[in-house]
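From first to last, the protein sequence lines stand for chains A and Y. For the first sequence, counting from 1, position 72 maps to 72 in my numbering; every step adds exactly one. For the second sequence, counting from 1, position 76 maps to 76 in my numbering; every step adds exactly one.
Take these hints with a grain of salt, some might be off.
Identical copies go unnamed one by one, so any copy, or any two together, can satisfy a pair.
Claimed, not checked - When the alpha-carbon atoms are kept at most 20 angstroms apart in a straight line, the in silico EDC-like pairs for lysine to aspartate or glutamate are as follows:
1. Lys-76 with Asp-28
2. Lys-259 with Glu-126
3. Lys-76 with Glu-145
4. Lys-259 with Glu-239
5. Lys-76 with Glu-55
6. Lys-216 with Asp-137
7. Lys-99 with Glu-219
8. Lys-76 with Asp-251
9. Lys-99 with Glu-239
10. Lys-216 with Glu-255
11. Lys-31 with Glu-118
12. Lys-259 with Glu-240
13. Lys-216 with Glu-115
14. Lys-31 with Glu-175
15. Lys-99 with Glu-55
16. Lys-76 with Glu-228
17. Lys-99 with Asp-137
18. Lys-76 with Asp-137
19. Lys-76 with Glu-255
20. Lys-259 with Glu-219
Keep in mind that the hints were calculated from the coordinates and are not lab data.
Here's the letter readout for the chains.
Number of protein chains: 2
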Amino acid sequence: MIGDPRASWVPPNHPRRESLLIRERLVDGFKEGYVATQGLIAHGRGECFDYLIGESSIPPALTAERVAVAALLIAKHPVISVNGNTAALVPRQVIELAKLVNAKLEVNLFYRTREREELIARVLRENGAEEVLGVGDDASCTIPELFSERRRVSCRGIYIADVVLVPLEDGDRTEALRRMGKIVIAIDLNPLSRTSRAASITIVDNVVRAIPNMIKFAEEMRGMPRDELIRIVRNFNNEENLRSVIMFIRDRLSELVSKGITLEFSKS
Amino acid sequence: MIGDPRASWVPPNHPRRESLLIRERLVDGFKEGYVATQGLIAHGRGECFDYLIGESSIPPALTAERVAVAALLIAKHPVISVNGNTAALVPRQVIELAKLVNAKLEVNLFYRTREREELIARVLRENGAEEVLGVGDDASCTIPELFSERRRVSCRGIYIADVVLVPLEDGDRTEALRRMGKIVIAIDLNPLSRTSRAASITIVDNVVRAIPNMIKFAEEMRGMPRDELIRIVRNFNNEENLRSVIMFIRDRLSELVSKGITLEFSKS
């Protein structure tokens, strides 16, 4: 982020610098029209949960990220779903991850409009994506049991995928994808959300840390024997891992109380 | 909220209906130009903390609300500070509270622009406010140690106030007001924020519940002898009360883990 012109107004020593720069990227995406108003509110919620885990990739997150990469590597048709917030926060990184695990990229929006779809596809192409699914007529297959625009997916992408990575997904769609028999990997900072509970592999981490971590794991694990990757996925228990996350937050709150530490969200 | 035309798209049985309707009011304020972009993100953060306390006025919140009303009732110059989010969420209610405790209303913005000031004053007037301080040239006194537009306050309002109610305030300004010797009542869903720590009386509650609760307390307590009100304020320990809030959240997380309960933020 060094040299980013948007960074100029944030003092280099500001205690909330990193968080403010992330937020700026989202606000830029909003001004450009591809981040939804609700995406801003969702981001604020994420900031809060991120605080509670200490704004770092905690051990259960790293475990889930490693398992997720194994699942993507053994998949026949892995797909990475991209929404407005993901495109604003980690455009280059999702493309890099997709290349490493040989996954397709698909635009998939909760608030789907043709304009937002195309803006996100453009952001991805500008960042090096060769193919972007799920735009316009390409999103002509439907997820059963979902209504209106939310059910539309690409027939060459999410519809036939066996493993789908959904950063920042909603509960309904996660459940519907699971009922279609897919392995769903969610990135969600709220360990108590329906998405977190419904996903096969839940990564409770900020997407700006989760995707780079997954890139590193993918580089390390690409050479692993398939049997070993399958073993990693089979040994994972998502419910147990989520429980560890909640315990982590609970213990952190106890620690914060005893130390009298202040958690500050800067508004500036 | 019954009969609200904006409510029509939210199914009556939606599990997140109340939260969605609150959010809509904020998005409306944003579209009308008086809620800041950062106000949307701050609202999302609030939603997260509200979840953690169970979206209800927990006992330490009710205690702080009662003490806050006592402080407002014994004040010589009580002032209620109003920003964009407050104007969007509880315009009528802050006016009602101001009347009950004989407080002045002052527009006070983190992102101050003449346009937003005037829009908020108009919202307050449309909701029945007779006098609104802090708009334009009225905000000509300054809070020491704060920079730029953030330090401007009304010479007839916050500047001379002995008790200030600041719903949704930032840490810097709370600390500066305290250094001026004022009793600062903050409404902040984050019990670990600098605002929460710096305030004299911190109400960890959603503003949409806190202000109505305070109206009820004000109606009950208006007739109390002054000595009794002073006793209520003197017996209050803010640090201890905040500790109770954090304990409450910690215990709630333990309970949620043991019950395997799902907390869902709906995006729809």
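**Report entry** Hints not upheld, ascending by number
**Finding:** 1, 2, 3, 5, 6, 8, 9, 10, 13, 14, 15, 17, 18, 19 and 20
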